[in-house]
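In order, the protein sequence lines correspond to chains B and D.
The first sequence begins at 1 in our numbering and counts up by one.
The second sequence begins at 1 in our numbering and counts up by one.
Note that these hints are calculated values from the structure, not bench results.
Just so you know, not all the hints are guaranteed correct.
As the list claims (entries may be wrong) - Cut-off 20 Å, straight-line C-alpha distance, at most; resulting in silico cross-link-like pairs (SDA-like, lysine to any residue):
1) K218/D to E133/D
2) K137/D to A285/B
3) K137/D to V37/B
4) K124/B to V134/B
5) K128/B to L61/D
6) K155/B to Y65/D
7) K124/B to A197/B
8) K137/D to F35/B
9) K137/D to S216/D
10) K264/D to L313/D
11) K218/D to E235/D
12) K218/D to L126/D
13) K128/B to G60/D
14) K218/D to V37/B
15) K155/B to H294/D
16) K218/D to A228/D
17) K124/B to N184/B
18) K264/D to P39/D
19) K264/D to I307/D
20) K218/D to R129/D
21) K264/D to V315/D
22) K124/B to Q321/D
23) K264/D to L67/D
24) K155/B to L68/D
25) K124/B to P39/D
26) K218/D to R292/B
27) K128/B to R319/D
28) K124/B to S196/B
29) K218/D to I43/B
30) K137/D to I39/B
31) K137/D to K155/B
Unchecked claim - Residues from chain B that face chain D, not an exhaustive set, calculated with beta carbons under 10 Å:
32) Q63
33) V134
34) V140
35) E178
36) L235
Idealized CB from N, CA, C, for every residue including glycine.
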Amino acid sequence: MSTEQVTTRRQSAAAEGLSALSNLGYRLQRLPLHFIVIIFCAIWVIPTVGMVINSFRALSDMQSAGWWTTLFPPHGFTFASYQQVLNIEGVQPSIVTSILITIPATVIQLTVATMGAYAFAWMKFPGKNIFFIVIVGLMVVPIQMTLVPLLSFFKVLHLNGTIMSVWLAHTGFGLPFEVFLLRNYLGGLPREIFESAEVDGAGHAVRFLRIAVPMTLPAIASLVIFVFLGVWNDLLVALTFLGTSQFRPFTVMIAQLTTSFGGGWQFLTAAAVLQMALPLAVFIALQRYFVRGVTAGSVKG
Amino acid sequence: MVGGISVDQIVTALVAVIAVPLVLFGYIVVGEQIIERLPERIQLWIRPYFWALPAIGFAGLFMVYPLLRTVVISFRNGADTDWVGLANYQYFFTFPDTLTSLRNSILWLVFYTFFAVFLGLVVAILLDRVRYETLAKIAIFLPVPISAVAASIIWKFMFDYQPPGQPQTGTLNAVIGLAHHDPVAWLVNSTTNNGALIFVGVWTAVGFCMVILSASLKAISTEVLEAARIDGANEFQIVRLVVTPLLWPTITVVGTTMIINALKTFDLVYVMTNGAYNTDVIATQMFSQLQHNHNSRAAAVGVVLFIAIVPLLIVNIRRFQQQEEQR
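Go ahead and model the full structure; you've got the sequences and the hints to work with.
Structure (structure tokens):
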């Protein structure tokens, strides 16, 4: 008999003998546990909830009383902050710019990475190990290391201040990790499938497009979420290459408005809510993929 | 015009989204057609490079080349016309402002890493023992998808300060007001501001640590834990002597990620204080050097950041090589 069975038996025997009183005692013992967990959850949720509530209040209300006072009537909810934010010159275009940066950056990175990963997973070539060790090393290099030369490089290429510069910077930075992850996934696929396809006369193009890509879709899906949100939420790269450009993404717009508004910054809550709506929607709708995508990013610079 | 949309940009983006996969598709199909007509020996030699070329090319051009360039620039003058030896580094390690940023980054490195991993572990262990685990996990994970920019605005409200006597609009000052404590200007006061910023960093990171640690925790067999219980270990002993050692490999992986995050911290500090009141970190310091067109100084700051990461890079490569041997 395994220890597990012993304990279940003991537990069931104990359960039978458990009086209402000792049951209560057990629950009382666990009270501190619940207390700590609930306090913890509260600290992790309340700041966000507070800000979302604030975004629906008038600026004068935000400046004269805390968000919690709104929980009691009169609530005085209003969309004024949203109207004010969206009417600032450049805010609406900046949301479009964010989309125009994020989607191509994601597509470019993942198509290039999938192809490279296939070579590293299923082909032999001299120098492969060294190339791959470089890739593993590059995964942790901070993007700050590339910003200064890229600025002058993009000037030479006449890409300064264009959204393309941001695509390329993100691509160069994201590729090592994506190649690494996809190569591990591709390398884990059963060898027999590729071998039998080869016997049937399928070349590498067919094997890649008809077998490798479809079978890697789960990993690619997780990566899409990870990369998409990474670029959508990015501030540093966009600020460096587009900070003074006419095409500023939403995060840059919000950051610059926050640092430039002295007293009346509070209405920017509306902008923050709009900015985080997309990531939160993705998180809630695709929880499992989302968590997998984000956690796959551990040991990512 | 600030932040205008031009039709050009929309067209460029559309073209990129459609053309890049199409071009790569064409590259693969046409390239393979050509390669398949070559003699067998040349095929074997050329094919892998053909497939790896786009990825290696992109990474080389936009990652490796700039990385090496940064090292070179860091030894040159601002206009990149002459060598200046270690002058940029000397500046970094002697100028008071940059030294403050270095000190703060070390504070981030120690406290952010410790608390993110420690709290992540504590939460993972505690939540394992309650029935509403899934719901509580969502609550703790909620800050992860939120951008640092939005998180900064969220916490600017938490730390908001009004002079004593006025109604406090910041949540924290309202709470300590209940205990008749004077309001604190969290982000201005130099004894609290770095701690406040680091706490926000921790707040955004604990969910990430928790999820990974929790996954490893679930993988520990219940038999091991039951055996410890039967041997008379209490819950604290089990966590300290059984669970933590078993989770140690995961803890180091998560810790590595957190150290890198700590060293790279930029967004939170930039938006919440912009480095004012002695809250600068290496990354914000580097950015302000860039903005003042001190490119070579910025490069030197980047190199310092990189050197700090090198040990992790080596650990990462070692771990990779071990994993490869097991494959």
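Against the structure, the hints come out as follows:
no.	hint	result
1	K218/D to E133/D	holds, 12 Å
2	K137/D to A285/B	holds, 15 Å
3	K137/D to V37/B	holds, 10 Å
4	K124/B to V134/B	holds, 17 Å
5	K128/B to L61/D	holds, 19 Å
6	K155/B to Y65/D	holds, 16 Å
7	K124/B to A197/B	holds, 18 Å
8	K137/D to F35/B	holds, 15 Å
9	K137/D to S216/D	holds, 15 Å
10	K264/D to L313/D	holds, 14 Å
11	K218/D to E235/D	holds, 16 Å
12	K218/D to L126/D	holds, 12 Å
13	K128/B to G60/D	holds, 15 Å
14	K218/D to V37/B	holds, 18 Å
15	K155/B to H294/D	holds, 17 Å
16	K218/D to A228/D	holds, 16 Å
17	K124/B to N184/B	holds, 15 Å
18	K264/D to P39/D	violated, 49 Å
19	K264/D to I307/D	holds, 13 Å
20	K218/D to R129/D	holds, 11 Å
21	K264/D to V315/D	holds, 18 Å
22	K124/B to Q321/D	holds, 17 Å
23	K264/D to L67/D	holds, 16 Å
24	K155/B to L68/D	holds, 18 Å
25	K124/B to P39/D	holds, 17 Å
26	K218/D to R292/B	holds, 16 Å
27	K128/B to R319/D	holds, 18 Å
28	K124/B to S196/B	holds, 19 Å
29	K218/D to I43/B	violated, 25 Å
30	K137/D to I39/B	holds, 13 Å
31	K137/D to K155/B	violated, 46 Å
32	Q63	holds, 7 Å
33	V134	holds, 8 Å
34	V140	holds, 5 Å
35	E178	holds, 9 Å
36	L235	holds, 4 Å
Of the numbered hints given earlier, the model fails hints 18, 29, 31; all others are met.
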